[in-house]
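All chains, full assembly: derive it from the sequences and hints.
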Amino acid sequence: MKYLYFPGCSLKGTGKAYEESLLAVFRALGVELKEIEDWNCCGATAYMSVDETKSYALAGRNLAIAEREGLDVIAPCSACYLVLNKTQKNLQDHADIRRKVVAALKTAGLDYKGTVRVRHPLDVLINDVGLDAIAQRIQAPLKGHKFAPYYGCQIVRPYATFDDQDDPVTMDRIIKAAGADCVTYPLKTRCCGGSLTGTVPEAGLRLAYILLKEAKKRGAEAVVTVCPLCQFNLDGYQDQIARKYEALDLPVVYFTQILGLAMGLPAAGLGMQRGIVSADAVLAGR
Amino acid sequence: MPLAQKIKYEAERDQDFARWVIAQSGGENLRHCIQCGVCSATCPLSLYMDYTPRRLINLAREGFKKEVLSSLTIWLCASCYACRVECPKEIQVTDIMYALKRRAIQDGVYPRRFPIPVLAKEFGRMIFTWGRVNETLLVIDLFLRTNWFRFLSMTGLGFNLMRTGRMSFMPDSIRRRGELRKILAALDGENKAEVAK
Chain S
527 MKYLYFPGCS LKGTGKAYEE SLLAVFRALG VELKEIEDWN CCGATAYMSV
577 DETKSYALAG RNLAIAEREG LDVIAPCSAC YLVLNKTQKN LQDHADIRRK
627 VVAALKTAGL DYKGTVRVRH PLDVLINDVG LDAIAQRIQA PLKGHKFAPY
677 YGCQIVRPYA TFDDQDDPVT MDRIIKAAGA DCVTYPLKTR CCGGSLTGTV
727 PEAGLRLAYI LLKEAKKRGA EAVVTVCPLC QFNLDGYQDQ IARKYEALDL
777 PVVYFTQILG LAMGLPAAGL GMQRGIVSAD AVLAGR
Chain U
5 MPLAQKIKYE AERDQDFARW VIAQSGGENL RHCIQCGVCS ATCPLSLYMD
55 YTPRRLINLA REGFKKEVLS SLTIWLCASC YACRVECPKE IQVTDIMYAL
105 KRRAIQDGVY PRRFPIPVLA KEFGRMIFTW GRVNETLLVI DLFLRTNWFR
155 FLSMTGLGFN LMRTGRMSFM PDSIRRRGEL RKILAALDGE NKAEVAK
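Line order of the protein sequences matches chains S and U.
So the first sequence is numbered by our numbering: it starts at 527 and just counts up by one.
So the second sequence is numbered by our numbering: it starts at 5 and just counts up by one.
Worth flagging that the hints you see were computed from the coordinates, not collected in a lab.
Each residue gets a CB set at the ideal place from its N, CA and C atoms; glycine is no exception.
It cannot be assumed that every hint is accurate.
[Claimed, not checked] Quick list of the computed label-pair ranges, beta carbon to beta carbon:
1) S:L657 / U:R17: 51 to 59 Å
2) U:Q9 / S:A629: 42 to 50 Å
3) S:E728 / U:R167: 20 to 28 Å
4) U:G112 / S:Q665: 28 to 36 Å
Here it is as structure tokens:
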């Protein structure tokens with residue numbers, strides 16, 4: 527199995543642990559990931575507020591470069607995943623946007639026919655690798671641990687391509703495959719606040735606080751996430767949340783880190799030390 | 005108390021603006037809105053908005069241009085798409101919010117020193133320069149332009165990111181920056197041609 531890998535800016539920065547754990551887990555499962563050559567920023571949510579066509583062109587350059595290889599693209603960051611899929615869909619549905627974007631790509635010697643499939647690592651793990659193959663690789667099951675599966679917004683909304691929009695379960699299944707339990711977590715697709723946590727903290731911090739508080743109330747020892755921005759908001763702002771609301775001291779980890787630990791991969795190679803709220807106490811002595 | 009007009013005359017509405025919103029990609033179904041309020045109910049930020057999403061949609065389609073473009077609502081939308089997937093009329097509320105943000109920046113009517121539009125513009129500038137975004141530099145730039153005081157309160161987070169090796173002060177750049185700029189410049193030409201039409 528071989529895929530192209532679109533890391534996006536966060537996985538090279540604040541979300542390094544996501545990249546480290548994703549690459550380690552996929553390697554151990556025998557799945558080859560090749561980073562897209564000279565990829566650029568997807569534009570995220572911010573660029574769409576500046577220029578619509580240009581934001582499709584930014585994503586379009588990545589899709590054009592990926593198309594040459596003829597492989598599915600894995601985009602682990604929720605914003606990248608959404609933007610690349612949204613671009614793909616709007617290029618397909620709106621001839622006018624397609625014409626402008628393709629013409630702009632051609633001025634730089636690129637072309638895009640529209641054949642790339644952009645997928646989420648959860649989709650690939652469940653539907654291509656399969657839970658049976660994953661189960662065979664579990665060496666150190668996380669028995670007795672309880673986690674809150676937190677999906678956030680942009681991987682199931684608005685395009686529910688591989689999971690349910692209201693009650694997604696793919697990550698729940700990965701957590702269970704790793705030997706741990708999931709708490710019932712009705713806020714699993716509620717917004718973490720996105721960039722508002724930094725720009726309008728009086729609104730953003732509250733959203734992050736509600737998510738953490740609910741997870742703790744339901745008995746979770748950690749929140750498990752799929753998105754570098756969700757992880758950043760829930761993990762990085764806990765001291766500010768403690769000052770404003772209450773101290774929760776709840777680690778926030780990536781699903782790839784949980785899976786990697788259960789597969790017996792070394793914690794350091796999974797970026798476990800990068801959590802601002804340390805997960806050591808929760809996962810020690812297992 | 006000064007006397008202020010609270011209700012618009014029919015003639016004071018900007019019908020061109022309403023037509024413009026409907027012409028944007030995502031605006032197609034705007035007239036189908038039944039004002040049920042599901043968007044406002046699912047929105048995790050509506051409690052901070054000056055107009056809830058339901059009211060904003062109504063104002064937009066009735067041509068209340070000034071109210072809509074200078075509202076905080078459009079900038080508080082975090083693009084979580086909850087309203088869009090719950091809307092019984094399949095109105096693409098999130099994309100309408102994006103179109104309104106772009107128009108507000110274009111018309112220069114967004115709230116000054118309110119950090120979200122500043123973030124959006126700086127983000128764009130960073131992509132044009134490097135092709136990728138360095139989160140550390142983006143955040144520093146943002147606070148220096150908007151709120152010094154708040155910047156100082158972020159030192160704890162900065163220290164924690166440094167301690168865990170998640171911070172970098174070197175811009176990450178793509179190799180073929182010229183290629184990306186050519187693509188973006190080609191669309192500048194396209195945009196100009198559209199304005200001239």
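**Message:** Could you work out which of the previously given hints the structure breaks and list their numbers from low to high?
**Reply:** Hint 4 is the one this structure does not satisfy, whereas the remaining hints hold.
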